[in-house]
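Protein sequence lines, in the order shown, are assigned to chains Y and L. At position 519 of the first sequence the residue is numbered 519 (the numbering used here), and the sequence of numbers has no breaks. In short: position in the second sequence from 1, add 1000, done, that's the numbering used here.
Note that these hints are calculated values from the structure, not bench results. These numbers were taken from a predicted model, which means no experiment stands behind them. In this text, a Cβ means the ideal position worked out from N, Cα and C, and glycines have one as well. Errors might be hidden in some of the hints.
[What the hints assert, rightly or not] Cβ pair distances, simulated, as ranges:
no., chain 1, residue 1, chain 2, residue 2, range
1, L, Thr1476, Y, Asp63, 36 to 46 Å
2, L, Phe1185, Y, Phe182, 34 to 44 Å
3, Y, Pro186, L, Ala1312, 18 to 28 Å
4, L, Thr1483, Y, Gln454, 53 to 63 Å
5, Y, Met17, L, Phe1459, 15 to 25 Å
6, L, Ile1491, Y, Phe182, 25 to 35 Å
7, Y, Leu19, L, Pro1498, 28 to 38 Å
8, L, Phe1023, Y, Phe182, 37 to 47 Å
9, L, Ile1491, Y, Val18, 12 to 22 Å
10, Y, Met17, L, Tyr1056, 37 to 47 Å
11, Y, Ile156, L, Ile1184, 27 to 37 Å
12, Y, Asn104, L, Phe1185, 50 to 60 Å
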Amino acid sequence: MLSLMTYTPLIGALIIMVLPGRNNNAFRWIALLTTAINFGLSLYTTLSFVRNQAGYQFEEKADWIKSIGAGYHMGVDGVSVLMVQLDGLLFLIAVLASWGAIQNRVREYFVALLLLNVGLVGVFCALDFFLFYIFWELVLIPMAILIGVWGGANRIYAAYKFFIYTLVGSLLMLVAIIALYFQAQPMVGRFTLDIVEITNATAKSPLNYTFQILAFLAFGSAFAIKVPLWPFHTWLPDAHTEAPTAGSVILAGVMLKMGCYGFIRFNLPLFPDASKDLAPLMIVLALIAIIYGAMVALVQPDMKRLVAYSSVSHMGFVILGLFTFAYGLGGRSGLTTDQLLLRNTQAFEGAVFVMFAHGLLTGGLFLGVGVVYERLHTRDIKTIQNTTRVASRMPVYATVFLLFTMGSLGLPGIAGFVGEFLVMQGAFRVNGWIAFVASFVIIYAAIYLLWLFQRVFFGKVGDYDPAVAESHDEHGHGNAHGVPADDAHSNQPGAAAGHGATSDPQESRNVAAIGGEHSGHDTNRVGTDSLPEAGSGDEVHSGHGHGHHADPDILANGAHFPDLNLAEGLALIPLAVLSIVVGVVPVIVLDFLTTSGSQLAIAMGEHSNKLAAIISLIGK
Amino acid sequence: MSFLTQHFAQISNVRPTFTGDDFIRVLPEFIVLLMAVLIVIIDLFIPKRSRPLLGYLAILGYAGGIVAAGALYYYSNSQITSFSGMFIRDNFSSFFEILFMITGILIVLVTPSYSLKRAIPLGETYSIQAFSVLGMMIVAASGDLMAIFVGIELTSICSYMLTAFARNDRGSAEGALKYFLLGIFATAILVYGMTWAFGMTGSTNLAEINKAIATTPNLSTDPGLTFAMLLMVVGFGFKIAAVPFHVWTPDAYEGAPTPVAAFMSVGPKAAGFAALLRVMVQGLPALAAQWSVILAVLAVLTMTLGNVVAIAQTSVKRMLAYSSIAHTGYIIVGLASYLNTSSPERQKDAISSVLIYSLIYVFMNIGAFAILIYVQNRQGGADVDDFDGLASWAPAAALAMAVCLVSLTGIPPTGGFLGKFYVFRAAIDNGYTWLAIVGVLNSSVSAFFYLRIIYTMYFNPVSDDVRRRLQPTGNTLIAACMTIACIAILILGIYPDPALNFARDGANPLVQVIRSAAGK
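For reference, chain Y alone in the conformation it holds in the complex (with noise of 0.2 Å):
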């Protein structure tokens, strides 16, 4: 079952690299249609997912290298079952929000994707370590490609940050795999690399307490660049910026948590000592990160890194959880109690719901931020400020983005909300301070997501001529009936120079210069665009039309502005409306981790005790 649904992609992108002929349409139906298969697999997996049973589920074990002891070992549990359904949503809409938006290259943009989904499940599922970390490098190819290839204007300088920064880390990974391999043989009893095996044989005796320490430096440098954790983020707002739209959705979406995974699957249970004599480091780390993370988001000029910068502090989110659920349970000289132990899964199952709900909500705001980019050509803030008011141009997708835009800074009600409360909770358990430290992130995530809101969807305040705006409203109705794109061309200097006489010449030069580009890339792709979008915008919102009011807005002269098209409507509004379901019924999402979560909690609990044992003993 997870061999079909980690290989579907797989047989997909085969398919698509062998299809003759030119027809860029197969190759989107294909890549469509395996990522539907992939969802659709995902799904069932989830739906059937036992969720108060203990242990990993839909187990595959079969013999792979035997002289090394690797396996093939497929596995899922709540934690994993949650990212692979993530991971099969998301990928879906990326090849829902590529549908247009990439012309060159489609067969290789398409095979690289679907690789990139290969290993991306493979790696939730993955439950031997030789397989894991096959399928870890195996994303980083594909994904530098996207970059590489479709990205923006720096994208060779961001591919190469992107692969050696990342590279780094997991070499330094392979080597603690590999003294991890050596250090668990005399406690397994043979040579394995299966991960449930060494975890479960190193609950029992535990591991050297210096290698401990060690191995959870190498592990955590591989994991924490993946995150990626201050001060190791500076590759991910480059590869941002400069990676497509789908791209940033899913290196936002599911890639990060890659490094969160890793963080829970190794660090904490099999260096749990470890784990909590670095949850300081680690909740300092953490807490950096995300105040860091939202006051550099807040001088962001362009969209895309504000978003990426967002995503750091969110991030650390995820850390600051995890760690003060594994220091809650180092417990202050023996005074846990199993109780407590269970009751402070709170922070860890407030991880990872941040990390489920950041998937959803940075994934749309990514997606957002190309829809606009795809229009405009620009992700300047200022440029788009003084250029149009999306808002009216674009009522639907001003909404759901907005709903976005509310989730992400933690609107009760939305997703994004329920996460932070628990690690709010569980960070206060352990030091009213934290908690203090971190809620200020919520101030800021409001003052900069609500900032770039106003700037990008209300334009400049104050700019408001309704004379410019009726002189000019005929052209601006008659091109949203489909004037030919030459002749929106035709009309553009006229409307320029009207605006000119309001504004300085400088701007107006910049923007007829949008403007005119716009309008001839129009042309190539009058077979989307003219879509509409398929009224299921009426359930998010009601009351706007479609109608253009009056607007100060340059580009209602010339060039074509429609809302959301169809496939940009499938892939935003389904997202809109399970971040509101997930954060309405957070208990769907907790289910699963809960028997996860009390399960490693008591694993490390338990672990703690053998080895405090162990030392007085030794002492004695």
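For chain Y, the structure is supplied; the task is to place chain L on it using the hints.
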């Protein structure tokens, strides 16, 4: 003095005995020899235009040799010496013989398109290559310093000739001269070391040397023997191009015809490792421990210099030369970790890591060179710029090159990853975690220059004009070489079990030698 004369007397008493079995045991060598001689003879009598057909004869010969070696490996697992201990037929020799003959086949596949274009005589090339392969096979299967020397010389002299084969090219002559002068210098040092070993122990037979060290008191700590080993390590260090004995490598590779550079970067290097293993493990295990740290330092120097200097190269050929130095470093890691342990099981892991890495390296390096030759034939140069937009005018070649380069970087699911995994595993197991960390850091450095080529192939634009000029022409032989290399890389990465078992079997005889020595 009396000690020596006594030993000489013993040696002269040994009567050489040959039986039919002896000849069966050298069957692979015999087949390759026959093939080489046949090529020389037939080459004289057939018209020039049908000489490329000799390549098929060469492939047939190597394939026959592989079958013979495989049969010998399959049917006789035990270690048998022939020709008075000169020649050893065991799994170790079978492993390396097969590795060398695979190298031979791959090189024959890439040679014609390059040589025909530059009017390099084909018949001679094939036969000299075959003699060189024969020399390597003798090295791997020798149980005596004399035989090792003969094998090394046969290989080296053939390599000098092959390097100089592009007679009209100044670079070729220059490279050959440098290679030749430094090579004979190294050989002299090697021979000098061998004479010291003979002088100290009274025998050139590796097993006898081992026995003499074990039985003679204080011999293992004798500075004379240490000196002998030092000289031999320096000599072999030249052959495997370990830093600081690597200076000939970049010039020789750059000057040599590209197929020859591919050959030299793989064959003689692996032969050097085979000789090093034979001498160290079989002849001088008592001295092994003191060499561990020195080899570890050599490994660090070799990896680091190779990778760091490779970054600065603009010629892909020269870059591959430095990258081959770096890979020597990774293999030395396996050797150093062998020397650091006394547990037979761990030694076996370490030795088999050297073996499996050498095997994987054959495919990935010759694969990369094959595409370099393809590009060189079209573009005329071997610079990174010549790879501009390769993916758009020869997508299959670009994909194959990407697979080879990803494997050279050591990223799963390719064979290169398995090789590195195995080598670093041996290092960590034997107390060289720091060496493994240096190794992985070096791998990430190497990603810089390997990726640059992938990036050039896929992301750099190529003008329509150039593309029209470079219309991909089918080249069956190079395509076959690429296909074999890529499939082997992927199989070794995804299902390496058979190859790993083969390598472990290959390491077995050497470990048994240690075991029996320890028993005494």
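query: Can you give the numbers of the hints that this structure goes against, from lowest to highest?
result: Of the numbered hints, 3, 10, 11 do not hold.
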